[in-house]
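Novice: Sequence:
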Amino acid sequence: MEGRYELIEHVCSLLADEAGTLRKEAPYRVALCYPSPYHVGMSSLGYQAIYREVHEHAGATAERVFLPDDVETYKRTRTPLFTWESQAPVSSFEMLAFSVAYELELSGLFTMLDLSGLPVLSSERDARHPLVVAGGPLTFSNPDPLEPFVDVLVQGEAEDLIHVLLEAAASMEREALLDHLAKVPGFRVPGRGGARYHVAKATDARLPARTQIITPHTELRSMFLIEPERGCSRGCHYCVMRRTTNGGMRTVPPERILSLIPEHAKRVGLVGAAVTDHPRIVELLRTLVDSGREVGVSSLRADRLTQELVDQLRRGGATNLTVAADGASQKMRDLVDRKHSEEQILRAARFARTAGMKQLKVYNVVGLPHEEDADIDELIRFTTELSRILPVALGVAPFVAKRNTPLDGAPFAGLREVEHKLERLRKGLRGRAEVRPTSARWAWVEYMLAQCGPEAGLAAMDAWRAGGSFAAWKRAFQERGCEPYMARRVEDGRRQPTVWPIVPGRPPPQPSAA
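First residue of the sequence shown: 73, per our numbering; consecutive thereafter.
If you are wondering where the hints come from, they were derived from the structure by calculation, not from laboratory data.
Possibly wrong hints are sitting among the right ones.
Unchecked claim - Below, a list of computed lysine-lysine pairs in the DSS-like style, where the Cα atoms sit at most 27 Å apart:
id: 1; residue 1: Lys403; residue 2: Lys433
id: 2; residue 1: Lys403; residue 2: Lys499
id: 3; residue 1: Lys255; residue 2: Lys273
id: 4; residue 1: Lys433; residue 2: Lys338
id: 5; residue 1: Lys338; residue 2: Lys273
id: 6; residue 1: Lys403; residue 2: Lys338
id: 7; residue 1: Lys411; residue 2: Lys433
id: 8; residue 1: Lys338; residue 2: Lys255
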């Protein structure tokens, strides 16, 4: 069938442009699934790290599979979803391991299971079907909505846990395996126990995560990604990766970083929650740029920037400087413990201008509790001031409370309220800065998934089956009785902690015994 042939040809053409692809024959085969398209999945450092770890495990191999760009062609041609390395049907593998980054990727997981010919609900699968496992960044916050669809949840950092999982899965029958994993810290087996909300920590020997396959067909074209640090030492109230998560920040010496970057990598991305907090970041940047490479950094903290650091980024090919303000006003930044000031952000803009950069990108959030119109007006005034130094692109996202943070359980501002704030921002700036807002509607969907339990996952399945419109999501949440839980907060650690509002509702589920 012509359509099926074209699907395989498309995959083969992308494979031909890869460097570092792994191929290995082994008795236990894992289909490593990413529920977003190839160009997104191949930009995921965690996904690539687990791909390498599976290949390093004796007796196991991994092949990749992604959410297709052209789902309808698969359906029309009745082509079963296949892996990239061998184009084998996904359903023929012993294990499907999903890496889920954020809540809205649930729909992609459903589509991939459906295209593989597998029942979406775990209750409708048995020993004849592959074991379905899920892990990834979502498990640091709230993996509850995944429960109805997976056999095993791998919670937190998985570099060590994947070897525990593979060792057990290759030697045990399904029922015995599930009973066993429910007793191992880091695993949650829906219906059988396991510690809920446990965030596993990989041993330092597994660090740093780094790219295995370089390809031009990603969000970060032909860039080798590596983490000079993992975690964060800061306490921002909205962030899952704050200092209380897995002991804060762990740094990797520049010497080890440099030793792991292949000679053929001409573009290098330094990735982490707080890269510019690394004590030797300028030295690392300078060494990389002096070697003739282009360099990018994922997270720039305005209070850590210096002219030399920004100059090195410019030498490394950066034309824009990106910082996160994460609070419409200084009052809001102080409330969420985002430790930087207007003057530090202004100084960052001046550094960028002096270095010859073309634009300042500023990420911000609106709809935090206690936020008022006066805070939005302050953002308008400050953004206007920044625009006099350098052209500004303002990314604005509605606030979504995440589990296991000081703001867990905080209410969503409301669709009308968020739209009002965005419109006030646009009118106030009057074109003096480019405003790039995130949809308030989809932020609310993300909020419901982030704050509810397994019933929200079932609602997501209903919405997916109904076509995935916002109206379908809204109706599904209502019909499944989805209500945000009361907070499961971590302490903010300050002498005078902020008192945040809580959505009244059901108490949170209690942690299961490991």
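Novice: So, for every hint listed, does it hold in this structure?
Specialist: Structure-based check of all given hints:
Simply put, lysine 403 and lysine 433 have alpha-carbon atoms about 21 Å apart, close enough for the 27 Å limit, and the pair holds. Annotation: proposed proximity of lysine 403 to lysine 499 holds, straight-line Cα distance about 22 Å (limit 27 Å). Taken as a hint, the lysine 255 and lysine 273 pair is honoured in the structure, with Cα atoms around 17 Å apart against an allowance of 27 Å. For the given pair, lysine 433 sits about 25 Å from lysine 338 by alpha-carbon distance, which is consistent with the 27 Å threshold.
Proximity of lysine 338 to lysine 273 is assessed by CA-CA distance (about 31 Å); at most 27 Å being required, the pair is judged violated. At roughly 42 Å between alpha-carbon atoms, lysine 403 and lysine 338 are farther apart than 27 Å, so this suggested pair is violated. Proposed proximity of lysine 411 and lysine 433 is supported: the alpha carbons are some 19 Å apart, at most 27 Å. Between lysine 338 and lysine 255, the direct Cα distance comes to roughly 45 Å. Violation of the 27 Å bound is thereby established for this hinted pair.
Of the numbered hints listed earlier, those contradicted by the structure are 5, 6 and 8.
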